[in-house]
Amino acid sequence: MRYNINLATRPYVDAQRFYTDWLAGLVPLFLLATALVGFAVHALVSSREVAQAVRKVEGEITRLDAQRARAQQVMDRPENRDTRMKSQFLNQAIARKTFSWTRVFEELERVMPPRVHVVSIRPETRGDQTRLVMTVAADTRENAVELLRKMEASESFRQPELVSEDLRQTQSGGSQVEFQVSAKYVPQPLALPSAAAMKGGN
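Heads up: the sequence shown at position 24 corresponds to 24 in full-length UniProt numbering, and the numbers run straight through without jumps.
Check each hint, because a few of them may be wrong.
Stated by the list, open to error - Computed Cβ-Cβ distance ranges for the label pairs, DEER-style: (1) A53 with K184: 29 to 35 Å; (2) R77 with E109: 43 to 49 Å; (3) Q72 with E161: 28 to 34 Å.
Just so you know, these hints were derived from the structure itself, not from any lab. Note that beta-carbon positions come from the ideal geometry of N, C-alpha and C, so glycine has one too.
Let the sequences and hints guide you as you build the complete structure.
So this is what it looks like as structure tokens:
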């Protein structure tokens with residue numbers, strides 16, 4: 001039988017292996033800590049830049065609001081009442097002059113689904129904005145929903161909404177649904193003729 005007897009006064013410790021294992025675990029933790037610190041510094045710098053940009057924009061908005069308030073105070077003075085009324089009248093006149101029925105129907109033709117037709121249409125001008133109030137007739141409610149969907153995708157009509165709907169009898173004894181649709185009208189700029197088209201026209 002063989003016995004292993006340790007006559008050393010202190011137990012034997014493999015220090016080299018201990019430090020090797022310890023460093024192997026410490027290096028990844030150090031790299032992770034460095035990455036986290038770097039990310040935190042980057043986020044802090046970015047947040048400060050965003051905060052500065054927000055404060056700058058807020059300051060510009062405050063300045064413009066104050067400028068608008070001063071201008072409104074000047075326009076609200078009794079001596080400027082006639083000027084304000086003339087300005088509103090001219091803005092409405094310009095908006096009515098730029099309204100083109102031909103262009104409206106051309107743009108409606110692009111978005112009007114099959115089996116849907118316009119019964120009546122009325123433009124409402126408020127300031128420099130024009131809103132169309134239309135009554136359209138369709139076989140089903142889905143046709144009106146499709147019309148609203150196409151108007152939402154169009155650049156000429158903004159914020160379309162279904163105001164009301166009514167089931168009516170036709171002269172042939174059938175039925176159809178009439179819808180009142182309202183939308184902000186934004187006329188699109190006319191396309192300029194291309195150089196090739198102008199050359200061909202000459």
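Hint-by-hint comparison with the structure:
A C-beta distance of roughly 31 Å is found between A53 and K184, which places it inside the suggested range of 29 to 35 Å. Evaluation of the 43 to 49 Å hint for R77 and E109 yields a pass: the beta carbon distance comes to about 48 Å. Between Q72 and E161 the beta carbons are some 30 Å apart, a value that agrees with the proposed interval 28 to 34 Å.
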